[in-house]
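S.K.: Residues per chain are reported as follows:
Protein chains: 2
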Amino acid sequence: MAPASPSPASQPFSPWALLLEYNGGPFVGWQRQDAGISVQDVLENAAARLNHGAPVAATVAGRTDSGVHAAGQVASLSLPTGFTARQVRDALNFHMKPHPVAVVLAAPAPEGWNPRFSAIHRAYRYQILNRRARPALLEGQVWHVAAPLDAGKMHEAAQTLLGRHDFSSFRAAACQAKSPIRTLDRLDVSRLGDLITVAVEARSFLHHQVRNLVGTLRLVGDGKWPVEKIAQVLAAKDRSAAGPTASADGLCLIRVTYPVEPFADSSP
Amino acid sequence: MAPASPSPASQPFSPWALLLEYNGGPFVGWQRQDAGISVQDVLENAAARLNHGAPVAATVAGRTDSGVHAAGQVASLSLPTGFTARQVRDALNFHMKPHPVAVVLAAPAPEGWNPRFSAIHRAYRYQILNRRARPALLEGQVWHVAAPLDAGKMHEAAQTLLGRHDFSSFRAAACQAKSPIRTLDRLDVSRLGDLITVAVEARSFLHHQVRNLVGTLRLVGDGKWPVEKIAQVLAAKDRSAAGPTASADGLCLIRVTYPVEPFADSSP
Numbered sequence: 001m002a003p004a005s006p007s008p009a010s011q012p013f014s015p016w017a018l019l020l021e022y023n024g025g026p027f028v029g030w031q032r033q034d035a036g037i038s039v040q041d042v043l044e045n046a047a048a049r050l051n052h053g054a055p056v057a058a059t060v061a062g063r064t065d066s067g068v069h070a071a072g073q074v075a076s077l078s079l080p081t082g083f084t085a086r087q088v089r090d091a092l093n094f095h096m097k098p099h100p101v102a103v104v105l106a107a108p109a110p111e112g113w114n115p116r117f118s119a120i121h122r123a124y125r126y127q128i129l130n131r132r133a134r135p136a137l138l139e140g141q142v143w144h145v146a147a148p149l150d151a152g153k154m155h156e157a158a159q160t161l162l163g164r165h166d167f168s169s170f171r172a173a174a175c176q177a178k179s180p181i182r183t184l185d186r187l188d189v190s191r192l193g194d195l196i197t198v199a200v201e202a203r204s205f206l207h208h209q210v211r212n213l214v215g216t217l218r219l220v221g222d223g224k225w226p227v228e229k230i231a232q233v234l235a236a237k238d239r240s241a242a243g244p245t246a247s248a249d250g251l252c253l254i255r256v257t258y259p260v261e262p263f264a265d266s267s268p
Numbered sequence: 001m002a003p004a005s006p007s008p009a010s011q012p013f014s015p016w017a018l019l020l021e022y023n024g025g026p027f028v029g030w031q032r033q034d035a036g037i038s039v040q041d042v043l044e045n046a047a048a049r050l051n052h053g054a055p056v057a058a059t060v061a062g063r064t065d066s067g068v069h070a071a072g073q074v075a076s077l078s079l080p081t082g083f084t085a086r087q088v089r090d091a092l093n094f095h096m097k098p099h100p101v102a103v104v105l106a107a108p109a110p111e112g113w114n115p116r117f118s119a120i121h122r123a124y125r126y127q128i129l130n131r132r133a134r135p136a137l138l139e140g141q142v143w144h145v146a147a148p149l150d151a152g153k154m155h156e157a158a159q160t161l162l163g164r165h166d167f168s169s170f171r172a173a174a175c176q177a178k179s180p181i182r183t184l185d186r187l188d189v190s191r192l193g194d195l196i197t198v199a200v201e202a203r204s205f206l207h208h209q210v211r212n213l214v215g216t217l218r219l220v221g222d223g224k225w226p227v228e229k230i231a232q233v234l235a236a237k238d239r240s241a242a243g244p245t246a247s248a249d250g251l252c253l254i255r256v257t258y259p260v261e262p263f264a265d266s267s268p
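One line per chain: the protein sequences are A and B, in this order.
Taken in order, the first sequence gives residues 1 to 268; the numbers are from the working numbering.
Taken in order, the second sequence gives residues 1 to 268; the numbers are from the working numbering.
Next comes chain A alone, as it looks inside the complex:
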């Protein structure tokens, strides 16, 4: 008689680091919730298929909101020992079809590594399509602003926000962070044709911080506010002093950095 397969409970597990790309459009966000399907649902359901149907819990570097995209999200989960990195990547991708979520790279997770708490730097890109006509090719991946924006003035205003500050003016009411102090390392605004790109980098962000920064800079861009007002908005430490939250569509998590790069030896 053939030996029975090992039961899930008795099997050793190995932790994996995953580099994820997803289109946030159809999802309620990263996090599992009752309201609809999440990126976490899609990934964990696929992982369960590699674990004899038993649940698998994934953790993530940045819990993106509904509609927010990722080109370089990093997640972690454990699977029964024995898979190669290539098998993990390809099998998860197979089981996540047809959802717009892809494991670009898989690598053994470094000892004691956590995708969220080990991260030392996060980079987001925010895209604004600045023209009268609505987007056709980039639909769902840009914030469409029809009024002409002065990207140079937006960039100038953005530079007054760099460094370590109390970002309460740019923090969502629902933000669960203990402190509103963050260090903003980069906030560059540049235009290429109709497309304005905002490159944002920091060790970590408050909830809605990037979208609130962009929504506020837009008021400088269309001339409603002078460049100098942004420093006053920051100093107010009051959410109502800043501009509205920019659309989720334009936001994409580009890169998460760790002291030891989990994917250094991986090939796409």
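Among the hints, a few may not be true.
Any copy will do: because identical chains look the same in the list, a pair fits if it lies in one copy or spans two.
For lysine to aspartate or glutamate, the following DMTMM-like pairs were computed, each having C-alpha atoms within a straight-line distance of at most 25 Å [what the hints assert, rightly or not]:
# : residue 1 : residue 2
1 : Lys153    : Asp41
2 : Lys153    : Asp238
3 : Lys229    : Asp166
4 : Lys97     : Glu261
5 : Lys178    : Asp90
6 : Lys97     : Glu139
7 : Lys224    : Asp90
8 : Lys97     : Asp194
9 : Lys153    : Asp222
In case anyone wonders, no lab produced these hints; they're calculated from the structure.
The hints should help you fit chain B onto chain A, whose structure is shown.
M.R.: Quick look at chain B alone, frame taken from chain A:
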């Protein structure tokens, strides 16, 4: 008694030049046909709304195939005299909703100008996503090739195709052009991360020429063919000597050039 509105027949018409962006995914191509909805259908149906419901015929610089995208297609049509450029653009965009087609710019068409026959240069971009994982963010806008491609070798092979040649080896059987002779001005292959971009420029192209060039260069990229074979394929003047046609998904018409730029005074 108020005068009746002028009947369409008695009304003078003004010709317009339109810069169009579209996602080719949901369409049977530019050209109207029975099989499904075309970009031409969407544009002409919107234009008819500005012409008392009477039909409007549009002509175009490049009759893109099913699934092919455009960021800089140029079309022409005539509308009853009296609209401003801004009204033409905004009204057509309003009536084309929710189809992924947008009039980015509208301008009065120059005297005697024809979007197809006046064009002196056309630029296409072809994108290949070269990694194991299928596309999530760029789904439908790239050709997914999982096998590793050497973009440097593809570029080297591409350079042997530049200049004036008989491109019969890269011409679709259905091509209606009188001559297979074309002058290829640019065929650059470059890689940025997982994305390989092919930039292609010529005065005009044969049917499927760009996709057949890319499908053939891919065989050099994955090592099946040596770089030197491409010159032999060209010399064969035989479609069966070249590689397969690359997916429509990766192709985008970027720019059409005219001796007098119709949109020089337009603002987006």
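S.K.: Are the hints correct? Go through all of them and say.
M.R.: Verification of the hints:
1. Lys153 - Asp41: neither (41 Å within a copy, 41 Å between copies)
2. Lys153 - Asp238: Within. Shortest intra-copy distance 23 Å satisfies the 25 Å Cα cut-off; inter-copy 57 Å does not.
3. Lys229 - Asp166: within (16 Å within a copy, 63 Å between copies)
4. Lys97 - Glu261: neither (28 Å within a copy, 45 Å between copies)
5. Lys178 - Asp90: Cα proximity of Lys178 and Asp90: none, with 39 Å in one copy and 47 Å across.
6. Lys97 - Glu139: Close inside one copy (22 Å) and across copies (12 Å); limit 25 Å.
7. Lys224 - Asp90: Classified as between: cross-chain Cα gap 24 Å, same-chain 50 Å, threshold 25 Å.
8. Lys97 - Asp194: between (33 Å within a copy, 20 Å between copies)
9. Lys153 - Asp222: This pair counts as within: shortest intra-copy Cα distance 9 Å, inter-copy 47 Å.
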